[in-house]
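Assemble the whole structure, with the sequences as input and the hints as a guide.
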Amino acid sequence: MVTILSRDTEYVFGINELDELLGSSLSPRSMVVIAGHPGSGKTTLASTICYSNTLRGHKCLYISLQEDREKLFNNMKKLGIYLEEQEKQNMLLFLRIPIARDVDEVVKTISEVVDSYSPRVIVVDSINALLTYVSDPDKRAWLQNYFYQLMLVVNGITIIVVEMPIDIERIDIGSIEFVADVVLILKSRIERKMISRYIEIRKARGSPIRISEIPFRIIEGKGLEVFIPPIPMKINRIGKFYNLKTPLFRDVVSSIPADGVILIVYPPDSRMYISMLFLAEPVLENNLKILVISFTEPPHVVEYFIESIVSRFGIDIDDVKNLISRHVVAIESINPYSMSSDEIIIHIVSSIDRYRPDI
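Going by the UniProt record's numbering, the first residue of the sequence shown is number 1, and it counts up by one from there.
Just so you know, these hints were derived from the structure itself, not from any lab.
A few of these clues could be false.
Below, a list of computed lysine-lysine pairs in the BS3-like style, where the Cα atoms sit at most 30 Å apart [said to hold, decoys possible]:
| id | residue 1 | residue 2 |
| --- | --- | --- |
| 1 | Lys71 | Lys193 |
| 2 | Lys77 | Lys187 |
| 3 | Lys245 | Lys289 |
Here's what the structure looks like:
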């Protein structure tokens, strides 16, 4: 999802999780390399960075050596990245350069546009299309150095998109990888016939990186959604407890921790009654918000289970329906066979962020 941070941070990735993790690596005269296999999301991430920074007042020059304007703009619009709107406000300039042109002419064109437009963000998508036509090693080195010098000229950030062959996970673009401040490798794997996507953080100057690979997904209307697994620096002590009054549970566990993890195992034929009964008391007694995520039952069935259980406590069914309508009791169902395991985790975390439940 494209997000806007405080203007205290001059340049952003446009994705909260990446900005929190890598934001300190983005500063004037920074270079970001986004590499990956075909269809891994490179252009989407590059467009997100470009778009998010235009919203912060930084002009973006998007240099495309392969994709045409209409196709790119339409694809990004589906993901909530409205490049055309920024183009109309002169915050974005799309420059399409045919790859068959002479390299010297390409460099001359880019230099003239940079000089006249004065962008602070430059995207080159992709550099492979240009390097392919340069066989002379000295010429390739000169071209690579040109793009490095480009970020110094604009005093902003340069985004270099790199294509990787489908069966290879290394970058072959010469010295650019070494002078870049951030190198991100976008990968995809097949898991249970589903696509799992990952961002490998290969390099990030100025950012204390403790994790090397993070899962993400591409959502229509939202763009890239990233999940960074929490890594607690210390184990916190257990705080508040909720006492149980129902004899069925009180004789087994007198209370449950507010910040604990509880595993309830029950026979498959008992369905959700036991778990709903176990949760009903602390929820009702302490006015807690609860999020129920089911992998087996649709929302209306879960709602029926909840109503059946709370009626045993003398609670009016209409009151329960009111709680559900106000998301005090939120219910979501996920078909685990429709997503990869990482997508399921991202979906659950997104639901937790949206509802902010106590349980």
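(request) For the pair we were handed, Lys77 and Lys187, check the Cα-Cα distance against 30 Å. (result) holds (23 Å)
(message) Tell me if the straight-line CA distance from Lys245 to Lys289 falls inside 30 Å.
(response) holds (19 Å)
(message) Can you confirm whether the C-alpha distance between Lys71 and Lys193 stays at or below 30 Å?
(response) holds (28 Å)
The structure fails none of the hints (numbered hints given earlier).
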